[in-house]
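K.L.:
Knowing the structure of chain W, use the given hints to seat chains E, Z, S, F, L, U and C with the ligands on it.
Protein chains in written order, with the working numbering: chain W, 1 to 76; chain E, 1 to 76; chain Z, 1 to 178; chain S, 1 to 178; chain F, 1 to 369; chain L, 1 to 369; chain U, 1 to 258; chain C, 1 to 258.
Don't take each hint at face value.
[What the hints assert, rightly or not] Only pairs whose alpha carbons sit at most 35 Å apart, straight line, appear in this in silico DSBU-like list of lysine-lysine:
#, chain 1, residue 1, chain 2, residue 2
1, W, K3, U, K8
2, L, K367, F, K274
3, Z, K65, L, K352
4, Z, K100, W, K38
5, E, K38, S, K120
6, F, K204, F, K228
7, U, K208, C, K146
8, U, K199, W, K74
9, E, K3, E, K74
10, E, K3, C, K44
11, U, K192, U, K146
12, S, K149, F, K153
13, S, K158, S, K137
14, L, K274, L, K233
15, F, K233, L, K352
16, U, K192, W, K24
17, L, K153, L, K297
18, F, K233, F, K153
19, Z, K137, Z, K120
20, S, K100, E, K38
21, L, K352, L, K274
22, F, K47, F, K228
23, Z, K137, Z, K158
24, C, K198, E, K24
25, Z, K65, Z, K149
26, C, K208, U, K146
27, S, K65, L, K226
28, F, K226, L, K367
29, S, K108, E, K38
[What the hints assert, rightly or not] If you want the footprint, here are the derived chain L segments under chain U, 3+ residues with CB under 8 Å:
#, segment
30, 36-43
31, 46-56
Calculated from the structure, these hints are not laboratory results.
All C-beta atoms in this analysis are idealised placements derived from N, C-alpha and C, irrespective of residue type, glycine included.
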Amino acid sequence: MAKGKIVIDIDMCKGCGLCLAACKFAVTSLSQQGQSNKHGYRYLTAAQPEQCTGCGMCALMCPDSAITVWRSTKKS
Amino acid sequence: MAKGKIVIDIDMCKGCGLCLAACKFAVTSLSQQGQSNKHGYRYLTAAQPEQCTGCGMCALMCPDSAITVWRSTKKS
Amino acid sequence: MEHRCIFAGFGGQGVISMGTLLAHAGMVEGRQVTFFPSYGIAMRGGMANCTVVVSDDEIGTPIVKDPTVVVAMDEASFDLFQGRLSAGGLLFVNASLVNKRNSRPDIKAVYVNATEIALKQGDGRMANMVMLGAVIKLTRMVSIEAVEKAMHKTFPQKLQPLIGRNLQVMKLGFEAAQ
Amino acid sequence: MEHRCIFAGFGGQGVISMGTLLAHAGMVEGRQVTFFPSYGIAMRGGMANCTVVVSDDEIGTPIVKDPTVVVAMDEASFDLFQGRLSAGGLLFVNASLVNKRNSRPDIKAVYVNATEIALKQGDGRMANMVMLGAVIKLTRMVSIEAVEKAMHKTFPQKLQPLIGRNLQVMKLGFEAAQ
Amino acid sequence: MGERVLMKGNEAIAEAAIRAGVQSYFGYPITPQNELIAYMALHMPRKGRTFIQAESEVAAINMVYGAAAAGMRSMTSSSSPGISLKQEGISYLVGAQLPAVIVNIMRGGPGLGNIAPSQADYFQSCKGGGHGDYHLVVYAPSTVQEAADLTAKSFDVADRYRNPVLILGDAIIGQMMEPVTLSEIQPDPPPKPWAVGGARNGRKPNLINSLSLEEGVIEEWNWLFKAKYEAIKQNEPMLEMLRCEDADLILIAYGTTSRICKEVLRQARAKGLKIGLIRPITLWPFPYQAIARAARKTREFLVVEMSLGQMVEDVQLAVLGDAAVHFHGRPGGGIPREQDIMEIIAHVLANKRAGAITTRGTVIDWKAS
Amino acid sequence: MGERVLMKGNEAIAEAAIRAGVQSYFGYPITPQNELIAYMALHMPRKGRTFIQAESEVAAINMVYGAAAAGMRSMTSSSSPGISLKQEGISYLVGAQLPAVIVNIMRGGPGLGNIAPSQADYFQSCKGGGHGDYHLVVYAPSTVQEAADLTAKSFDVADRYRNPVLILGDAIIGQMMEPVTLSEIQPDPPPKPWAVGGARNGRKPNLINSLSLEEGVIEEWNWLFKAKYEAIKQNEPMLEMLRCEDADLILIAYGTTSRICKEVLRQARAKGLKIGLIRPITLWPFPYQAIARAARKTREFLVVEMSLGQMVEDVQLAVLGDAAVHFHGRPGGGIPREQDIMEIIAHVLANKRAGAITTRGTVIDWKAS
Amino acid sequence: MSDTDMQKIAGRSSLWNDRPSPYCPGCGHGVVHRVICELIEEYKLADNCVFMAPVGCSILAYTFLDLDVCQSAHGRTPAVATGIKRSRPDTFVLAYQGDGDLASIGTAEIVHAANRGENITTVFVNNAIYGMTGGQMAPTTLPGQKATTCPGGRDAASGMGHPIRICELLQSLDGVTYLARSSVHTPANVIKTKQAIKKAFDVQLNRKGFSLVEVLSSCPVNWGMQPVESLDFVANNMAPQYPLGEYKVDGVCVAPKA
Amino acid sequence: MSDTDMQKIAGRSSLWNDRPSPYCPGCGHGVVHRVICELIEEYKLADNCVFMAPVGCSILAYTFLDLDVCQSAHGRTPAVATGIKRSRPDTFVLAYQGDGDLASIGTAEIVHAANRGENITTVFVNNAIYGMTGGQMAPTTLPGQKATTCPGGRDAASGMGHPIRICELLQSLDGVTYLARSSVHTPANVIKTKQAIKKAFDVQLNRKGFSLVEVLSSCPVNWGMQPVESLDFVANNMAPQYPLGEYKVDGVCVAPKA
Ligand SMILES: Cc1ncc(C[n+]2csc(CCOP(=O)(O)OP(=O)(O)O)c2C)c(N)n1
Ligand SMILES: Cc1ncc(C[n+]2csc(CCOP(=O)(O)OP(=O)(O)O)c2C)c(N)n1
Ligand code: SF4
Ligand code: SF4
Ligand code: SF4
Ligand code: SF4
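Looking at chain W on its own, in the form it has when it is part of the complex (with noise of 0.2 Å):
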């Protein structure tokens, strides 16, 4: 099981793209040319969720919180 976890508010999403650089662990991408959310907007996916350690930095730099990121409390 991934050590963290993203849930994404597709709604609030602008696809702007600043928390995929933030992303050490290429875990999201935007959505398919032409898929968009209900405001016209290409929105962010979790492609890769697996690979997601919780550590919020694409949280962080998101102009629009439209991410919240969990984490494990187990330690591994």
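P.N.:
Leaving out everything else, chains E, Z, S, F, L, U and C with the ligands in the frame of chain W:
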């Protein structure tokens, strides 16, 4: 003969006394109480003109440009 | 005769250039024209639209509440402007991106696969030209020649070589519309 | 009956306190009064003046162009205000400092050696009280008692002990005036 | 205290405001209102209230905006050029529905002008010096007593309608000392549940704001403001009428000029001339109806102002051709003279609107042109 | 060039000013006039003329004051809140007799409001938003072409009378693109021997100033200004009259609303209704006389504004009871609708002033209240 | 979602309701808002706080923040904040300003509020451009940077002025207790921004006077850049011109160390 | 009087006509005016120069100076001067301002004119009070100093603000070429003042940008002092608060050495 000479424009003088404080040679004093120029001010007089060195300090301090200072060009 | 047109779409879909081209073409033909952009903070958030009036008479307000023509380049624009069209008006829909169908019986909807057609010609961004072709076909507001002249007048130097291609794409729209 | 008075002099001659005292005294007697100072940059350059109107009726403007009473504490004031006095008016002159004589036949000039009298009482700055005494004697605008009450009301705490002396000096002016 | 004291208008206004519970005063020096700010500087801190000499008039009006937004009775004062600088802020106060009291002790203009009395800011005060459709309630005191009384009242009116109120005086009202009785007031400001700050205790967030980019919202707000203005027009007009019943000619003047006209009235009546006087106390709402009623009986009106003719337009709007409106005014700090007014009265009563008159600043049968 | 081009109003105003020889432009960004300052930023430096984005509207109007004092054709532009901030500066321009051109592209107010078109700054523009007795010459264009033409004219008028001129547009005039023909102009500003700076060559010192503390001087200056204003009233009123000869009802509107009214006029005439239109082009001087003359024949006037009723006062002052004045207006960015105006016309013509009407913002038989 | 073994590390502040912000994609305002909201929550100030929205893009903050909001006229936020804070000394006043607002039209107001030592906290978002009005030059626009009112790029030699460094400008004023410049172009800088604003909060909460944090931010739309690109611009172009770090701590000037 | 052996050492400038100044006895404005007039004469600028009179006591300068004078609205002298100088780059523009004018209402205008590097020379007369309006607190009023709007003495702790040091404030702006503070309370200081203003003249004449000289001056009337006493106040109270010397030379910041 004095080294210097001051000429006072009585009606420009407001009797503030700044020049008095500046003169190290006690050349000047204010007119008597009650003796005033056409604007109602006591004014500067050269009480001891012979002491004037023409240093120009009084004129430097005069806010009303009421004093003209002349200095002897003769080397002493 | 007065045509009151709203061009609406997502930023980057070229609705403003569509509008200015039409306005210029109207001017070329000696008609009365006004062009009115959305402006200020309303530009935010991706939506863009503009209003063009082409008329034989002096034009009242260039802001139009009851358009006779609406061009909806995407779904959000479709949702916003379908209802505003005046009875008997024409609704041009970019069917490549809009999945909805017109629900008003008192207007005529025209579906054009504009993005698709443009993509086939090598550049999806020319979907606006496809739509413009469709609009002038069904409204006869201005002639193709007038639009061509308008292109020559308004395209910046470096885009002038593209006029031919734009015209061609527009004509495809002209043909597709019915 | 309306008395329109201008008190004028050099800064420090106490023309403002003269004016306020008179205004207060008028109020004490239940009359209508206004006091109007010169203000702003006009205060510069040493001249000071104020206007007091004491009347049985409501007072129009507290700024007076045609005074019925002028008190000139020094020569500059004499020069400035002599001409403004209305016909039949009273010109009170501090003869100790003003060497000129009234040249208008239609007014009455009253010469009081105010500064001299005050100096004899030990303080030249009380010349204003001498003049005030002269003014109320010849105009009967207010009573001596009213001025006394006004002094009690307006003198700050630390000056209250001086009321007696001021009154006395004022009475000298009262007597001197004719 | 209730005692009768001799006070400058500027000081009486300040003291009245303090008694009416002004909690925050922000000002900037300018002649001829300096005694007002100085009085506040001395007395407000002593009472634990806020006094700030702001860095400018612009800052002062915006501090007023802040204090009013926080629910405080707030005030600023200035004179003509300073009031011009406040116009944006005043429009914001209206737009955000914030109560406040603004004092303008007018001086001669335009530009830097001089520091003499003037009434040339009537238009600015009553027709909206700032941008947008709005009105201030405008009080025009003519004595120091009235200046004090109207100031106290202003705070209540501002609070009641959530709209700024302007006290419009001039250098004479501000500088003159007159006897005045200042009564104790128990300030009773209404609750201000809309104010920002303070312990919320679970209430919804408040918003102080004059902007909306949603279509139609600002229009709706304006309709709301208009409804308030209609209520003010119903409830708040104030005026004084003297001897108008049998008048052949009615003088109309406010503030300082009304004092001069009262004197003229006395003199004229003493000569047997049937003169009346109308003195608007609220310049906005303007007492149109009372004047319109008077115009049904009296056929000659003479408006006197310390300006080139501003209130005269409102008088004309009230009279609407039912009577002749004449005008006498002096601009830039000039003060109308009793004898000039008497002369005009004589002329009008003799010629009944015809003929020329030489008194400068006089228009017989004034029409907008 | 004289070619017909499609241009935004904001840009056409800028280009016309450049052709009219504006030497110095100072502005500050605000929607909906931003294209004007951007156009100036691009073109003025290229022509070796002065462009500054000032730190604020206050600074901008004072830079205009400086450049005008130095004898330059100078200009600034803004929108409602920014214009409010300029009021002190405008009053100073008048007081120092400096020519300048000011553009106000009005938006919805009060306060920050919105960026929709509005005409709610009419009072501010025409009655004096700043302090003191003064007037600006106020032009109200209704098309992009006219905006350009009037801008060019403004510089001449400002120079001729040494008084600032205001171009009063709204968001529609500023944002709309329309065909416009811009002609070459040979600017011919008069000599300005009163300007400061430059080689004096022995002339006496010049003084640019609006202050005097000597008694009576400011009053004299005001009389001088008044004489100028009388000359302007003689020479400069402009208006358009359409089909008023046989009209049963005359619409009165300016700027954008006049376009709507023209459309109404066409529709109404098509229905056989005898409607006319008066469109004031100068709001100050207001064409009182032309309207008064029209009121001798036509008994019904309908004033339409994008405001709660401002110009309607001037119409009433012109008509003075000779005809009924009705009003329809929408505030805060609302735009009057043709069908509403048609409805009111029908009502008035049918009922002849009686009865109620439900269209919001409409007053049948408008009276100042 | 709330796995029992999972702990929430980051997410939306409870003060941010469910409406999306009105900002463009990638706009720095959102990050700064979030940081402020987090601090208000951490300090439990939400019930006794006023967020001052300036004229600028962030005027729309009220549309999604569940706080008392007071909007002010362009540039006058410090004066309005003064009015509020003097009236209610116990209310936490957060003044939010843009660079056009604070460094251009509102210069006098910020200088004097700072000089009076008003006990307010100012967060100054410097994005080197006028956002709301569509991309005009700001006092903080960089040399050579293009904007609609300096289409050829800002050029001091042509009289367009130099980039104003607000921290350096305000440093000499005795009323200023805390002064820092930070940025939000990387996660690390976001964290530093939060630390700086936290210190500024402390100053106000301890009634120590005026505090201001300048935050370098981006305006991708008006810079004509993609959001990610715009972060590089902040790092490579803005930060060198506007050195990051603390400028004044406890009222004592310090040389900035980032 | 013109003894052949006598040489004129000092006297009234030819630009000062025969009307007395409107200033109070002992007011520092007169001295500063004279120094400026002397420099204008020495540089032969009288025929191509504008003296900018501010709102303040010196607005009346036109009553006795034989120069083109342009008066500006309160605080806006730098903006008006900008308008003139940009229009006529060859005209020498001398902007004269008081402390209320420059340091209070006109803060934004002076900061931005300085930041733009406007090629004008500003002489800033700091007399720690509002003179013309009758003695209100200025931004430069000293701690504890009384004024009509701080009757108990200026007290920063009560929110009245600290004395603003304009040279220190403007120092960080890149557009500023020359910046100095001097005084006119002794003959030696008058001479230094003239030297400083001369350097400021040179900056403008060489088109090097913005220059400003702050001159500590006295307002005996509103300080409630005798003129001579007021000089002591400048020496003993003002100078320590406002260190004399040069703050910026050739655009480089220097530590002031009196
Ligand atoms: C008095 C006034 N002038 C100008 C404006 C127009 N205006 C709105 S926002 C703004 C500047 C915004 O820039 P900034 O402060 O940097 O904030 P941003 O939008 O970049 O966050 C301006 C000039 C206004 N509303 N009011
Ligand atoms: C907009 C405006 N606000 C206020 C004033 C009033 N005013 C005139 S001079 C002055 C201040 C003068 O002080 P300062 O600048 O220090 O010059 P000083 O008189 O001391 O030489 C003020 C506030 C004004 N004329 N205009
Ligand atoms: S929490 Fe860390 S690892 Fe997980 S998606 Fe976000 S940045 Fe990547
Ligand atoms: S940073 Fe936020 S808004 Fe931008 S793409 Fe990522 S989740 Fe979406
Ligand atoms: S315009 Fe710039 S500052 Fe405004 S929301 Fe968009 S990106 Fe942000
Ligand atoms: S008031 Fe002060 S500054 Fe003004 S002239 Fe008098 S002494 Fe000088």
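K.L.:
State for each hint whether it applies.
P.N.:
Here is how each hint holds up against the structure:
no. : hint              : result
1   : K3(W) - K8(U)     : holds (12 Å)
2   : K367(L) - K274(F) : holds (29 Å)
3   : K65(Z) - K352(L)  : holds (31 Å)
4   : K100(Z) - K38(W)  : holds (14 Å)
5   : K38(E) - K120(S)  : holds (27 Å)
6   : K204(F) - K228(F) : holds (25 Å)
7   : K208(U) - K146(C) : holds (25 Å)
8   : K199(U) - K74(W)  : holds (33 Å)
9   : K3(E) - K74(E)    : holds (9 Å)
10  : K3(E) - K44(C)    : holds (30 Å)
11  : K192(U) - K146(U) : holds (29 Å)
12  : K149(S) - K153(F) : holds (33 Å)
13  : K158(S) - K137(S) : holds (28 Å)
14  : K274(L) - K233(L) : holds (31 Å)
15  : K233(F) - K352(L) : holds (27 Å)
16  : K192(U) - K24(W)  : holds (20 Å)
17  : K153(L) - K297(L) : holds (33 Å)
18  : K233(F) - K153(F) : holds (16 Å)
19  : K137(Z) - K120(Z) : holds (21 Å)
20  : K100(S) - K38(E)  : holds (14 Å)
21  : K352(L) - K274(L) : holds (14 Å)
22  : K47(F) - K228(F)  : holds (34 Å)
23  : K137(Z) - K158(Z) : holds (28 Å)
24  : K198(C) - K24(E)  : holds (27 Å)
25  : K65(Z) - K149(Z)  : holds (30 Å)
26  : K208(C) - K146(U) : holds (25 Å)
27  : K65(S) - K226(L)  : holds (25 Å)
28  : K226(F) - K367(L) : holds (16 Å)
29  : K108(S) - K38(E)  : holds (26 Å)
30  : 36-43             : holds (count 4)
31  : 46-56             : holds (count 4)
In the structure shown, no violation is registered for any of the earlier numbered hints.
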